[in-house]
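Colleague: Chains as they are written, first to last, in full-length UniProt numbering: chain A, 1 to 173; chain R, 1 to 545; chain V, 1 to 128.
None of these hints come from the bench; they were simulated from the model.
Since the structure is predicted, the reported quantities are computational estimates derived from the model, not experimental observations.
Facing chain R, a subset of chain V residues (Cβ under 10 angstroms, in silico):
(1) S11
(2) M14
(3) M17
(4) D54
(5) V55
(6) I56
If you want the ones that stay clear, here's a sample from chain A, every Cβ over 12 angstroms from chain R, calculated:
(7) G85
(8) E90
(9) S92
Ideal placement from N, C-alpha and C gives every residue a C-beta, glycine not left out.
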Amino acid sequence: MPESGAITSSRNERATPVALVQLIVFRLGDEDYGIRIEQVKEVTVTPEVARMPKTPPFIKGIANLRGDIIAILDLEERFRLRKAGRPLPEHSYTIAVEAADYTLGLVVREVPRPLTLPLSQIEPTPEFVQDANSHEKYLEGIAKLPDGVIIVLDMRKLLSPSEVMRLPGKPAS
Amino acid sequence: MKTREQEYRELFMAEALEYYDSMSRHLSELERNPNDAPALNELFRLMHNLKANARAMGFMDLGEVAHHLETLFGLVRSNEREFAGPLVRVIFQGVDALGSMIRAVGANQPLPDAQALLENLDRLVRGEAPILEGEEAENEEESSRKLELSDLVYIQVKKLDNLLNLVGELVIDRDRILTLAQEIGNPALQATAQHLFRISDDLQYSVMDARLVGVGVLLNKFPRVVRDVATAENKEVELTLSGQDVQIDRNILQIITDALLHLVRNAVGHGIETPEERVKAGKPATGHLELSALTERDDVLIQIHDDGRGINTEAVRRKAIERGLTTAEAAANLDEQAVWAFLFEPGFSMAQQVTDISGRGVGLDVVKLALDSLGGQLRVDSKMGEGTTFTLVLPTSIAVKGALLVEVDERPYAVPLLHTDTVLALPPEEFSVVGGVLVMHAQGQAVPVVPLRMLLHDEGDELFPLANKTELQGSQQVLIVNYNNRRLGLLVDRFLRQQNIVIKPLSKPLDTIDLFGGVTLLGSGQVCLVLDVPALTRLFLSKRP
Amino acid sequence: MNKRILIVDDSFYMRTMLKNMLTDAGYEVVGEAANGAQAVEMANATTPDLITLDVILPDNTGLDVLKSIRQTQPNAKVVMCSAVGQEVIVNEAIESGALAYIVKPFSEEKVLEIVGAALQDNSTETAA
Numbered sequence: 001m002p003e004s005g006a007i008t009s010s011r012n013e014r015a016t017p018v019a020l021v022q023l024i025v026f027r028l029g030d031e032d033y034g035i036r037i038e039q040v041k042e043v044t045v046t047p048e049v050a051r052m053p054k055t056p057p058f059i060k061g062i063a064n065l066r067g068d069i070i071a072i073l074d075l076e077e078r079f080r081l082r083k084a085g086r087p088l089p090e091h092s093y094t095i096a097v098e099a100a101d102y103t104l105g106l107v108v109r110e111v112p113r114p115l116t117l118p119l120s121q122i123e124p125t126p127e128f129v130q131d132a133n134s135h136e137k138y139l140e141g142i143a144k145l146p147d148g149v150i151i152v153l154d155m156r157k158l159l160s161p162s163e164v165m166r167l168p169g170k171p172a173s
Numbered sequence: 001m002k003t004r005e006q007e008y009r010e011l012f013m014a015e016a017l018e019y020y021d022s023m024s025r026h027l028s029e030l031e032r033n034p035n036d037a038p039a040l041n042e043l044f045r046l047m048h049n050l051k052a053n054a055r056a057m058g059f060m061d062l063g064e065v066a067h068h069l070e071t072l073f074g075l076v077r078s079n080e081r082e083f084a085g086p087l088v089r090v091i092f093q094g095v096d097a098l099g100s101m102i103r104a105v106g107a108n109q110p111l112p113d114a115q116a117l118l119e120n121l122d123r124l125v126r127g128e129a130p131i132l133e134g135e136e137a138e139n140e141e142e143s144s145r146k147l148e149l150s151d152l153v154y155i156q157v158k159k160l161d162n163l164l165n166l167v168g169e170l171v172i173d174r175d176r177i178l179t180l181a182q183e184i185g186n187p188a189l190q191a192t193a194q195h196l197f198r199i200s201d202d203l204q205y206s207v208m209d210a211r212l213v214g215v216g217v218l219l220n221k222f223p224r225v226v227r228d229v230a231t232a233e234n235k236e237v238e239l240t241l242s243g244q245d246v247q248i249d250r251n252i253l254q255i256i257t258d259a260l261l262h263l264v265r266n267a268v269g270h271g272i273e274t275p276e277e278r279v280k281a282g283k284p285a286t287g288h289l290e291l292s293a294l295t296e297r298d299d300v301l302i303q304i305h306d307d308g309r310g311i312n313t314e315a316v317r318r319k320a321i322e323r324g325l326t327t328a329e330a331a332a333n334l335d336e337q338a339v340w341a342f343l344f345e346p347g348f349s350m351a352q353q354v355t356d357i358s359g360r361g362v363g364l365d366v367v368k369l370a371l372d373s374l375g376g377q378l379r380v381d382s383k384m385g386e387g388t389t390f391t392l393v394l395p396t397s398i399a400v401k402g403a404l405l406v407e408v409d410e411r412p413y414a415v416p417l418l419h420t421d422t423v424l425a426l427p428p429e430e431f432s433v434v435g436g437v438l439v440m441h442a443q444g445q446a447v448p449v450v451p452l453r454m455l456l457h458d459e460g461d462e463l464f465p466l467a468n469k470t471e472l473q474g475s476q477q478v479l480i481v482n483y484n485n486r487r488l489g490l491l492v493d494r495f496l497r498q499q500n501i502v503i504k505p506l507s508k509p510l511d512t513i514d515l516f517g518g519v520t521l522l523g524s525g526q527v528c529l530v531l532d533v534p535a536l537t538r539l540f541l542s543k544r545p
Numbered sequence: 001m002n003k004r005i006l007i008v009d010d011s012f013y014m015r016t017m018l019k020n021m022l023t024d025a026g027y028e029v030v031g032e033a034a035n036g037a038q039a040v041e042m043a044n045a046t047t048p049d050l051i052t053l054d055v056i057l058p059d060n061t062g063l064d065v066l067k068s069i070r071q072t073q074p075n076a077k078v079v080m081c082s083a084v085g086q087e088v089i090v091n092e093a094i095e096s097g098a099l100a101y102i103v104k105p106f107s108e109e110k111v112l113e114i115v116g117a118a119l120q121d122n123s124t125e126t127a128a
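Bound conformation, chain A alone (with noise of 0.2 angstroms):
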């Protein structure tokens, strides 16, 4: 990861500046929560998403983005985070996400933000919430601010397509 390599760099120097992380965050539910901007492609208005049949609830289906076709995924809803009562405003955004080797498109209310943050401040994940059952395995750490936690998901781990493609009920294959 070139992350470790500028930490590794930065030591040997004298100033030693700070290793940095550029995290986008962005609201599911009533919880923050960030990805590296390495990871993060581009961020738009949602296009139009066509439905998908055959795929679990929360692919809300398939989007042309620049002649991409990219499925769009409503993390509120896979991480069972949405409040009742509180549908996706009819205008929200999406961010594009790389996964290994093809573009996943997540949608959030509203315009996610960047944020620089030390790399020290994020802490991994505790093995016990780890090993749960939930979506903690997708963590790489939680961020902590002075008004309040920044969870940082790992997206590898989450859009691999065994995971995206679970569906309700069923284990990953």
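Starting from the known structure of chain A, fit chains R and V onto it as the hints suggest.
Modeller: Relative to the frame of chain A, chains R and V by itself:
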């Protein structure tokens, strides 16, 4: 289509220009170092090749100049002449003359006269001094000298793929602009949009044309295959190839390579009998296999014909009943074509007995799948004791497909025309329920009918609910699709229109849903799923009550 | 069974023309080599029934190629291809074991006649 003559001419030109460039390069090397042996050898070889090629093409004057220069370089090489003085000038003149002659060939013009040059070259070969014209003429020649690059480039298929994808994008946007221009109604905009339409059409055609190769590229690999299989199986097989010049998209050829290999191996291994069997049946001991390509309208047909034992239809029929693919009663009424269609069922022919009895069909479903992926078709024709013909019906190009757009739940879906039979609007009385399945009658044949909605939203492992005729309200829109001689009626909300579409594959992770052959973008910018008729048919068969 | 032929010529044009003539006549062209090194390598890899060998090649002379092929395959059938003016080399090639030679420019009939005759020549194989 390119004729062989044209092909030779293009090759000749490309190579001649390449030779000319190398000659000029080596000549300057030689000028710097008159003892540069490798340069001299190369010049000798290049002259030799140019001479031989020019003579083969019938450009005798060109061949003559090259021949003289070759001789002269031969003498320089054997130290009988020195690369110095007037000889150098004549040689430069000679190479320049070759350049103009090659250009004249390329431009289809008469070759310039080389008599004076040839005489000078003759003099040099004889050891006499050449007669040189004044400096002026030389300068004129110098100013008219041009740099020539070869007319042929080699290009990676990947780059062509990319180009084709981009053109696909362009065509989609073009359709969209055309739609918008009509909506806005500005005449200047409409005229420009029309022009864009024509240009992008031409562009698309040109890009597709650039991807075409002769079917021979693939067919010519088969003599070896046939020989090897025949030897292994103790068969005597004579192979005839034809239609090598028929043009087809290179990627299509790539995709059907395995299918064709399969069919040819099958024909030699199981279709054609052993020499003893053949003689007993009153046939020549050597079996005959024919691989041919031909063009039929926009399609390319590749046929594999053998004069072997043919398909034992009754054996296939029995096997289909045994395997539960059909009932004995239904099977009795199936015609040959319908029975042969069972051969392409996945796993059907894996049973050794069938192979032995019918002489056909190890894994023919592989062939079918390859053709399905291309939107192609497979035809079979066979006569017991006389032989079998498989015909692969292939599109010339994969980029554009005709499709019918239908609507279900306010969403458009595209169905490739290749798999559509008829569209009908029928009142509810025209339907009946047979064994829990909705059935209609079309052209004297009972066709099962299913709401497309039900196939699209099917989940879990339960069978479909029993059909209920009372649910049909008002006129019903039925699209009859056809796959592997099996017809299925799909109930849709509305027929939209027929249109050429550019199919994009579904990207990961959605590519695992086999009901969809891909997506296309409509002129409106709307994303439209392309239905995969084979997969829909399979789903219906597995879920019908 | 189709006889398998290896074409050795440094001109793509020549190879294409020869290949078309030979495949049209039902021969199988198992390879095309554009220089001497390729020729030797492909001859050993494909053990063709016949090799058509150009006299002048970029890295080697056809004569040297002929000799090295016959070292590993003493029975290899080789037909030389040459333009007029190479009679000396051709004669030497025949002495070194080449069966015949084709003079460029050649006609289809001529090529097929010579190739056919060369394949018949002291044939030890029976038809497959």
